[in-house]
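First to last, the protein sequences are chains A and B.
The first sequence begins at 68 in this note's numbering and counts up by one.
The second sequence begins at 80 in this note's numbering and counts up by one.
Incorrect hints may have been included.
Claimed, not checked - Lysine-lysine pairs mimicking DSS-like chemistry, simulated, CA-CA at most 27 Å apart: (1) A:K233 with B:K422; (2) B:K260 with B:K192; (3) B:K422 with B:K401; (4) A:K233 with B:K183; (5) B:K232 with B:K260; (6) A:K233 with B:K180; (7) B:K94 with A:K233.
If you are wondering where the hints come from, they were derived from the structure by calculation, not from laboratory data.
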Amino acid sequence: MRGLKKCAFKLCWGIFILLVVTFFLLPLLWLITAPFDAKATLRVAIPSKFTLANFQAIFRNTFAVRALFLNSIVIAGGTMLGVTLFATLAAYAIARLNIPGRDILAYLLVLFSSVVQGTAAMVPIFILLFHLKLIDTYPGVIFVLIGGLLPTGIFLMRDFVAGVPKSYEESALVSGARPWQVLRDVVLPVLRPGMMVLAVWSFVQAWGDFLISLIVMRSPAKMPAPIAIYSFYTEGGTPVLTLVSAYSLIYALPVVFLYLFVNWRYGFRFFGGIKGGGR
Amino acid sequence: MDYLYLENVTKTFDKVVAVDRVTLGIGKTEFFALLGPSGCGKTTTLRLIAGLEQPTAGRIYIDGREVTNLPPQERNVAMVFQDYALYPHMTLFENIAYPLKVRKVSKREIAAKVHEVAEHLMIAELLDRLPSQVSGGQQQRAAVARALVHAPKVFLFDEPLSNLDAKLRIEARAFLKHLQKEIHVTTVYVTHDQAEAMAMADRIGVMFAGKVVQVGAPLELYRFPKTKEVAAFLGNPPMNILPGRVQPVTDGSQFVGEGFVLSLPGVHIPPQEIYLGFRPEHAKIDVEPKDCAIRARIYAVQPLGSEVWITLQVGNYTVTVKMFAEGMPQVAEEVWLILDQNKIHLFDSAGQRLSPCG
Numbered sequence: 068m069r070g071l072k073k074c075a076f077k078l079c080w081g082i083f084i085l086l087v088v089t090f091f092l093l094p095l096l097w098l099i100t101a102p103f104d105a106k107a108t109l110r111v112a113i114p115s116k117f118t119l120a121n122f123q124a125i126f127r128n129t130f131a132v133r134a135l136f137l138n139s140i141v142i143a144g145g146t147m148l149g150v151t152l153f154a155t156l157a158a159y160a161i162a163r164l165n166i167p168g169r170d171i172l173a174y175l176l177v178l179f180s181s182v183v184q185g186t187a188a189m190v191p192i193f194i195l196l197f198h199l200k201l202i203d204t205y206p207g208v209i210f211v212l213i214g215g216l217l218p219t220g221i222f223l224m225r226d227f228v229a230g231v232p233k234s235y236e237e238s239a240l241v242s243g244a245r246p247w248q249v250l251r252d253v254v255l256p257v258l259r260p261g262m263m264v265l266a267v268w269s270f271v272q273a274w275g276d277f278l279i280s281l282i283v284m285r286s287p288a289k290m291p292a293p294i295a296i297y298s299f300y301t302e303g304g305t306p307v308l309t310l311v312s313a314y315s316l317i318y319a320l321p322v323v324f325l326y327l328f329v330n331w332r333y334g335f336r337f338f339g340g341i342k343g344g345g346r
Numbered sequence: 080m081d082y083l084y085l086e087n088v089t090k091t092f093d094k095v096v097a098v099d100r101v102t103l104g105i106g107k108t109e110f111f112a113l114l115g116p117s118g119c120g121k122t123t124t125l126r127l128i129a130g131l132e133q134p135t136a137g138r139i140y141i142d143g144r145e146v147t148n149l150p151p152q153e154r155n156v157a158m159v160f161q162d163y164a165l166y167p168h169m170t171l172f173e174n175i176a177y178p179l180k181v182r183k184v185s186k187r188e189i190a191a192k193v194h195e196v197a198e199h200l201m202i203a204e205l206l207d208r209l210p211s212q213v214s215g216g217q218q219q220r221a222a223v224a225r226a227l228v229h230a231p232k233v234f235l236f237d238e239p240l241s242n243l244d245a246k247l248r249i250e251a252r253a254f255l256k257h258l259q260k261e262i263h264v265t266t267v268y269v270t271h272d273q274a275e276a277m278a279m280a281d282r283i284g285v286m287f288a289g290k291v292v293q294v295g296a297p298l299e300l301y302r303f304p305k306t307k308e309v310a311a312f313l314g315n316p317p318m319n320i321l322p323g324r325v326q327p328v329t330d331g332s333q334f335v336g337e338g339f340v341l342s343l344p345g346v347h348i349p350p351q352e353i354y355l356g357f358r359p360e361h362a363k364i365d366v367e368p369k370d371c372a373i374r375a376r377i378y379a380v381q382p383l384g385s386e387v388w389i390t391l392q393v394g395n396y397t398v399t400v401k402m403f404a405e406g407m408p409q410v411a412e413e414v415w416l417i418l419d420q421n422k423i424h425l426f427d428s429a430g431q432r433l434s435p436c437g
């Protein structure tokens, strides 16, 4: 009797999990199947007529191609470099210097991060960029994105820095290294797993950004992919599903590859400390 | 002038005095141990010498040159840290080569020197491994090699053996002592383990609460401790120290403890509260009462192979006596404790030594 009950429970649990997984998996399945379907609808279906024509159509749209392979790459790449560099240096300083109220500062930073990129801040940010003559430029978008991501980035990085024994740096100093050599030879290599996490995270965040670019960029030639995707809408405002799905698939690939590359090359670890070593 | 000289060095952290007016002179090629309980300021003293901390007051000289305000990289010292601080992303070769690399030594010379040092420390075949791929003892050797490679003026050790297991620690002691005698580099060695300090150092400085209480050769400290703390800190098992009163009697004095009286012939000090100390090996026990013997009860017997530790209850005190296993008498419940009168230490109520021993 009890065995039966247990079995029934297991069955229900399995069905529940299956439903949840299906819910999240269906859009992904659609993203993989629809681009190859000449008559894609919103239904997930094995392509009745397999075709690569959708992709050909996309590569004929130079505006969309430029948006994806130049503008998005520049914006996400620039943001990634900026966030990784500045967050690492700032987290290192915050973790190593004894500033009074250090922890409160760190939490305040995270709070503020939601403000910088928040919708409410868009008007002041627009005015600021306007006066800095950064409207319709890559740096304009990149700076705002860095500003928004940096606090959380510092917060993430702080744990990694805190896990590095101080004796590494002290030992290097006593060995005769200058402070910048200590940073270059010891601190940064030891922090590399953390920096990789930060890099991928900030790249993904900037890659998916829509609002900042929409507000800051004026000329179509500088719009990134999330905005360019609207060029696959009809004049009436309905999406051309074949093209939108194909473009979305291409749009998703760089992030997947970046993740796979970093994971293969460095391995991901979402916690600080390097006690175990490894390179 | 001493090769390494600390003059009235004080270091305070937020009103806590970590190092309190320490003046120390350490000779060239000397192996000097700084010994003290944890938190006594010995590691801070070492870090002051390395330049990792700046003194609040006082001066530090190395080889006749004042280094008080120089950053660590300009002092040409080397330090072995408690956790070894081997860089986890570099191989042992790169680790050992690092001090030479930052000194812009040519690649060929680096390779030659690293191999020479590694050969010497018997880690030559491990050079292309990462620190995580070698044992604790090998990591320690690599850390020593890294400190050795650039011919420093002063060698600083911060409890380098405390991460090793007991057997390796004894081996490493002999190894480090031998090495130091071979390379003739002035060495400051911080430890809380009195046995380590006694075994390795030419001289020991004992620190308590930021102050250097006594400096001397190991046996000098052992035989003539200046204070009760030093007496109690050196030796294993530690010295027995009993509080009581001293009173004059004909031909000397008498120590009155809680529950027993011990006559001290030939000792002439005014009556006062004192501490009486004797080392576990400077007492015997007998089953028969004798002159000057104290009645005691056996509390525990610890046979340790070559020697036996016997814990006794004497009046209201517990004392430990150490003797060779062969000479051990048949122990009864009640025994008599006989102290070697020439090896008794007396300290005043403030813990300062009253009489020289014997």
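Take the C-alpha atoms of A:K233 and B:K422, compute the straight-line distance between them, and say whether it is at most 27 Å. violated, 47 Å
Note to self: Next pair to validate is B:K260 with B:K192; report whether the Cα-Cα distance is within 27 Å.
What the structure shows: Satisfied, since the Cα-Cα distance of roughly 20 Å is no more than 27 Å.
Does B:K94 pair with A:K233 here, judged by a C-alpha cut-off of 27 Å?
-> holds, 23 Å
For the pair supplied as a hint, B:K232 and B:K260, is the alpha-carbon distance within the 27 Å limit? Holds, because 15 Å separates the two Cα atoms, which is no more than 27 Å.
Open item on the list: Hint check: B:K422 vs B:K401, CA-CA at most 27 Å. Holds or violated?
Closed with: Holds, at about 14 Å.
**Report entry** Given pair status - B:K183, A:K233, alpha carbons within 27 Å
**Finding:** holds, 25 Å
Fill in: 27 Å Cα cutoff - pair A:K233, B:K180
holds, 21 Å
Checked against the numbered hints above, the structure violates only hint 1.
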